[in-house]
Amino acid sequence: MRAWNDICSGKSDPNLVIPGGKTFLLWPVQFYGPCKPSQIYVEVSGRIVAPRIDDYGSNHLDCWIGFWRVNGLTVKGNGQIDGQGAGWWEAYTSAMGFYGCDNLLLQGLNFINSQRNHISVAGSNGAAISHLTITAPDESPNTDGIDISHSTNVRVSDCTIGTGDDCIAFGDQTSQVFIKGVACGPGHGISVGSLGMNGGSAQVEEIHVDSCSFKGTQNGARIKTWQGGSGYARKITFNNIKLDNARNPIIIDQFYCPHRTDCQSMKSAVQISDVSFTGFSGTSATDNAIKLSCSETVGCTNISLEHINIKSASGDGNTYSSCINAHGTARKTFPHLRCLK
1316 MRAWNDICSG
1326 KSDPNLVIPG
1336 GKTFLLWPVQ
1346 FYGPCKPSQI
1356 YVEVSGRIVA
1366 PRIDDYGSNH
1376 LDCWIGFWRV
1386 NGLTVKGNGQ
1396 IDGQGAGWWE
1406 AYTSAMGFYG
1416 CDNLLLQGLN
1426 FINSQRNHIS
1436 VAGSNGAAIS
1446 HLTITAPDES
1456 PNTDGIDISH
1466 STNVRVSDCT
1476 IGTGDDCIAF
1486 GDQTSQVFIK
1496 GVACGPGHGI
1506 SVGSLGMNGG
1516 SAQVEEIHVD
1526 SCSFKGTQNG
1536 ARIKTWQGGS
1546 GYARKITFNN
1556 IKLDNARNPI
1566 IIDQFYCPHR
1576 TDCQSMKSAV
1586 QISDVSFTGF
1596 SGTSATDNAI
1606 KLSCSETVGC
1616 TNISLEHINI
1626 KSASGDGNTY
1636 SSCINAHGTA
1646 RKTFPHLRCL
1656 K
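The opening residue of the sequence shown carries number 1316 in my numbering; numbering runs sequentially from there.
Check the hints yourself; a few may be wrong.
In silico DSS-like links for lysine-lysine, alpha-carbon gap of 25 Å or less [as the list claims (entries may be wrong)]: (1) K1391 with K1495; (2) K1626 with K1582; (3) K1557 with K1582; (4) K1351 with K1326; (5) K1606 with K1530; (6) K1557 with K1606; (7) K1391 with K1351; (8) K1626 with K1495; (9) K1530 with K1626; (10) K1550 with K1647; (11) K1391 with K1337; (12) K1550 with K1606; (13) K1626 with K1606; (14) K1550 with K1495; (15) K1647 with K1606; (16) K1495 with K1530; (17) K1495 with K1647; (18) K1550 with K1582; (19) K1557 with K1626.
What follows is a list of derived Cβ distance ranges for each label pair [said to hold, decoys possible]: (20) S1619 with R1470: 17 to 25 Å; (21) L1420 with H1523: 14 to 22 Å; (22) G1515 with T1644: 28 to 36 Å; (23) M1581 with Q1488: 16 to 24 Å.
Please keep in mind that the hints were generated in silico from the structure rather than gathered at the bench.
From the three backbone atoms N, C-alpha and C, an ideal C-beta is built for every residue, glycine too.
All chains, full assembly: derive it from the sequences and hints.
Listed below in structure tokens is the structure:
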């Protein structure tokens, strides 16, 4: 921490280097700003490993490696971040978090076996994330690849993500996010949400996902909201998507309730509108390849599907689509979507 304090205060060169060829056991640490230099660089070439939870004890923490209010931060390199996985899964601890860090650059690292979600970006304006590899067992709980919330102007590109939960998830108060060239699988797909939990209000818009692939995932392009919430999720696009044995390739679920208890339909819900799915091709592991399940009271409006060709991965059955309370258009779409009003 002395090195960080010197860098943040401007007393030394704003470069922190974790050298290659070595493994470093790192106890939970939080790096706080704001810092005097306009740019700070963290170069990770070595391997950083979390302690075993038995060694750490019962102390609660939200994040293993956290950066708070550090603007102009660059974290890059070819090093590895190893969260030590299974022993931490019940501790609900994120591996690396960036909170209130404007103009962030995160590039090149290899994340494995996170304690919970691998990367969190929250309360930040301007982030470029690229060329990451993120890996966790497909049965690992809540090990999202990248979670983005309360942030704007975020770009994620050219990443390979295979986890036990969402490859990328967009939370509340998020806008102007651009995802391109992400290979997802295994995992739960790329998800807007979940939104509106416990009656919460969501404002999510301008989420754009392009040229991504889903292989062996539980979902593909997904929007999920709880009953009883409010607000909106709008201006969302999924374009040029490749599918390989993906379950639920296209899904909107306004009745999201993962534990299926106390999931009654309510009068309010997050409004979903202006959503387009364009250029999907490949195979579905489920016959019901397109699911649009929308609220009776709020519904989904201006939903567009075009140039969709999703076939059965088994080869012995046809895929089909289903929708409830969804309004919009479908052109050149297979399976046919006659239920779209």
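Each hint, compared with the structure:
Annotation: proposed proximity of K1391 to K1495 holds, straight-line Cα distance about 19 Å (limit 25 Å). Proposed proximity of K1626 and K1582 is contradicted: the alpha carbons are some 36 Å apart, above 25 Å. As the CA atoms of K1557 and K1582 are separated by approximately 36 Å, the hinted pair breaks the 25 Å bound. The suggested pairing of K1351 with K1326 holds, with an alpha-carbon distance near 9 Å, which does not exceed 25 Å.
For the given pair, K1606 sits about 18 Å from K1530 by alpha-carbon distance, which is consistent with the 25 Å threshold. As the CA atoms of K1557 and K1606 are separated by approximately 18 Å, the hinted pair is consistent with the 25 Å bound. As the CA atoms of K1391 and K1351 are separated by approximately 21 Å, the hinted pair is consistent with the 25 Å bound. Restraint check for K1626 and K1495: the C-alpha separation of about 24 Å stays at or below 25 Å, so the hint holds.
A hinted pair counts as satisfied when its Cα atoms are at most 25 Å apart, and K1530 with K1626 qualifies at roughly 14 Å. For the hint linking K1550 to K1647, the alpha-carbon distance of about 21 Å falls within 25 Å, and the restraint holds. Between K1391 and K1337 the alpha-carbon distance is near 17 Å, which keeps this suggested pair within the 25 Å criterion. For the proposed pair K1550 and K1606, the alpha carbon gap of about 19 Å is at most 25 Å, so the pair holds.
The hinted pair formed by K1626 and K1606 meets the criterion: a straight-line CA distance of about 15 Å does not exceed 25 Å. For the proposed pair K1550 and K1495, the alpha carbon gap of about 17 Å is at most 25 Å, so the pair holds. Between K1647 and K1606 the CA atoms are separated by roughly 17 Å; this keeps the pair inside 25 Å, and the hint holds. For the proposed pair K1495 and K1530, the alpha carbon gap of about 16 Å is at most 25 Å, so the pair holds.
Taking the CA atoms of K1495 and K1647, the gap is near 24 Å; set against the 25 Å cutoff, the hint holds. Our distance criterion of 25 Å between C-alpha atoms is met by K1550 and K1582, whose separation comes to about 23 Å. Between K1557 and K1626 the alpha-carbon distance is near 12 Å, which keeps this suggested pair within the 25 Å criterion. Roughly 24 Å separates the CB atoms of S1619 and R1470, a value that falls within the hinted 17 to 25 Å.
With their beta carbons about 20 Å apart, L1420 and H1523 fall inside the hinted range of 14 to 22 Å. The hint said 28 to 36 Å for the Cβ distance between G1515 and T1644, and at roughly 30 Å that hint holds. Between M1581 and Q1488, the C-beta spacing of about 22 Å keeps the proposed range 16 to 24 Å intact.
Hints 2, 3 from the earlier list are contradicted by this structure; the remaining hints agree with it.
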